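Novice: Here is how the chains run, residue by residue.
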Amino acid sequence: MFCLSVPAKFNRDLAAILFAGALLATIPFTGLPPFYESFLYLVFLWTVLATSWNILSGYSGYFSFGHGAFFGAGMYTTAVLASRFDVPFLWTLPAAAGVAVVLGAALGAAVFRVRGIRGELFALVTLAFTFVVGTIVLNTPIDGGPGVYLSGVAVPKIGPSGVSAFFYMGLALALGTVLAAFGIFHSKFGSGLFAIHDDEDVAEVMGVPTLGYKIAAFSVSCSLAGAAGGIHALFLSYVTAGDTFSIVVPLTVVLMSVLGGKRFWAGPAVGAAVITALLYAFTAGDHAVAGKAVFGAVLIAVILFMPQGVLGWFFRRRRPLAKAAQGVVELPPMAYSQKRSDRAVTSEPILIARGVRKAFRGVHALDGVDIEIRRGEILGLLGPNGSGKSTFINLVSGHFPPDAGEMLFDGRDLARCKAHRIARGGIARTYQIPRPFAGLMVRENVAMAAMFGSANLSRGAAMREAQRWLDFTGLTPKANTYPDDLNLHQRKFLELARALATSPQLVLLDEVLSGLTPTEINEAVDLIRAIRDHGTTVVFVEHVMRAVIALTDRIVVLNHGLVIAEGVAADVMARPEVVTAYLGSGHA
Amino acid sequence: MLELDTVEARYGTATALSDISLNVGAGELVCVVGPNGAGKSTLINVIAGMHRVAAGSIRLGTRNLAHLQSHRFCAEGIAIVPEGRRLFGTMTVCENLELGSYLAGAKARRKESLENACAMFPVLRDKLGQRAETLSGGQQQMVAIARALMACPRLLLLDEPSLGLAPIIVLEVFNSIKRINAEGVAVLLVEQNVAMALDLANRAYVLEEGRIVAQGTPGDLLAQPHIRRAYLGVGAD
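Line by line, the protein sequences give chains A and B.
The first sequence runs contiguously to residue 1050 in our numbering.
The second sequence runs contiguously to residue 292 in our numbering.
It is possible that part of the hints are untrue.
[As the list claims (entries may be wrong)] To be clear about the criterion: a stretch of chain B counts as covered by chain A if any three or more of its residues have a C-beta under 8 Å from a C-beta of chain A, and this derived list gives those stretches:
(1) 87-94
(2) 150-162
(3) 217-231
Since the hints were made in silico from the structure, they are not lab data.
All values derive from a computational prediction rather than experimental measurement.
All residues carry an ideal CB built from backbone N, CA and C; glycine is no exception.
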């Protein structure tokens, strides 16, 4: 959904944001009662908080319940600097943002490294962090218990009335935040975050520097929350640890973003406006308790009936997805007709693995394996289930590091490389069970690979490159649908298209043929031949013997984590040890 | 025993199956072949009660199952080995198997069923205490089949049991299917390994674009050149 932004739409949306900002800026001069200004200030405040939360949590899917910590850090930074050290208020705002960033980046650098802390664990860790920060503030001279008064701090004079200073500061920050969210949404950085949202491991293997991206998104998110905290401290003029570091802020921003639509840059702003208005309408009058119940009911209804948020519902109604019929889609004739590069198989190795070992809880998946892959060849990697084939692919693609041994690729040892660096270096892989980015269209899935793999293209160039590989795999008719609409055959080809779009030197195919019918296998075999003729080296894990014999130049057979045979397919398959371990007597 | 009459199934507005009439006799082994996207998995899911029919009837014996809730299908004697196995990965093999006999009838015979499962797949006997996700693909497939048998089904549905398995394991899995069938359990098998499936089956259906386009004994079907070509890849190489 995000990549489809044609430049015209991008410019139109940008103009709309600026126009809305300019229009709002005239309000204090219209003579409306000051009440509206303070109400709108609250809308701006919540827009900043919800939108900044969404940059990490909505885009990348890391649900944070710690937004209150960074908001609060900003509040206390401003409160302390302005009231005790007489720093002019406006100067405290960069400091408020800075303190929040330092806290966020430090937390992120620690937490984002751990593969286990995703989903609900991340939410709990960030919530706990909020209480830790709150406790520190409460029990040190930063607050010490009684709270901090800002009544003596001078409010900068902006606009006609006393409240309009807050109105304009809120508006400026809200505008900045929405523009940041909008810009990130349309950038390569944003694409990477959406990929992390759908499948972080695949994103990393495709070349997205996931750790750096997460920390960067978290830092942007925290800085905006911190600055908002600084402004709000002065607005309240009295801050207490109990009110600041509570669950209210994170809960409210989550609700706003979910209500508006987390996958949209404007979603949290819409949610912030709606909820602030509802809260006021229902809870400000005489029927506060009944109002809260109604408010809760509205939220439940929205979440039940608009799971993608208000904007998701709106866009779906406007553009009803022309769902292609579920039946078989005729694949067009092979569009790939580039001249065969007459690259013969060379004996020059592209990857040399020596003494590679990997164990899982004491079980040796690979027990000292030497494999040499030669430039331009198709190497079949065979062996019974559990013999270590997938482990080998996971090691070469950097999914996890080996316990021992080295894997030299272009003179570099992959053993110590991060997966995204390996992808940049020119190695791509497919997954046995296809793992498309479910929230992205087929075309975007392929473009993502072209953006972050060794092709390393800009967004626009990546979209064009994607078309080439969609044509190559015959997926063009499905380009604008979601992976959910694809059958297994098409998903397997999407895996292929994605791997190829990175323009790899070496591609690792993990059982691309399993589950395909014989006719489909013939098609895929032609495709794999075409890939090799294009100059890419192929490692091919497969159980379909017919295809292995038809395609491979050499095969390597693994059993119990050891290489038991190596050579030309027809010879190796006849060896008795391969028959007993792998083929079974039925094939002999 | 199982009888589908003009069954239709949809995903939203898209029709996945239309006008499907099919039957499996008691103790029979029937296979369904067809290209990807033809609706084979939908068909299995419909019979297992995991996908609701839009029209038509599903009868098992004398009961119409079409409007039963999905968890009731198991009590009627239908068990499924889903595509991709779908084990409870963090539970032990033994726990996976015990969950297979969740309902009272099957629970009463749990010990006996467990013994039978271990006899069918001896390699599982040493793995009972191990977490299912730590097993190799072949062993996981055996657990998936054994788990379905723990429900003491009258009809066993198998969706692509050979997917991603080494040839030697495929042989073992097909042998076990043959034995299960020989013990009197009717089997409906969806399989891409058409040659082996037809070798095993009493009868077969060919499904294309959500419709049954051919049916008969394996011999009848293989006598048709276009079916040989499309599903065995013979002559296409």
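Novice: State for each hint whether it applies.
Specialist: A quick look at each hint next to the structure:
For the stretch 87-94 of chain B, the proposed coverage by chain A is satisfied: 7 residues have a C-beta within less than 8 Å of a C-beta in that chain, meeting the threshold of three. For the stretch 150-162 of chain B, the stated coverage by chain A is violated: 0 residues have a C-beta nearer than 8 Å to a C-beta of that chain, whereas at least 3 were required. Check result for the stretch 217-231 of chain B against chain A: holds, 10 residues qualifying (beta carbon to beta carbon below 8 Å, three or more required).
The structure does not agree with numbered hint 2 stated previously, though it agrees with all others.
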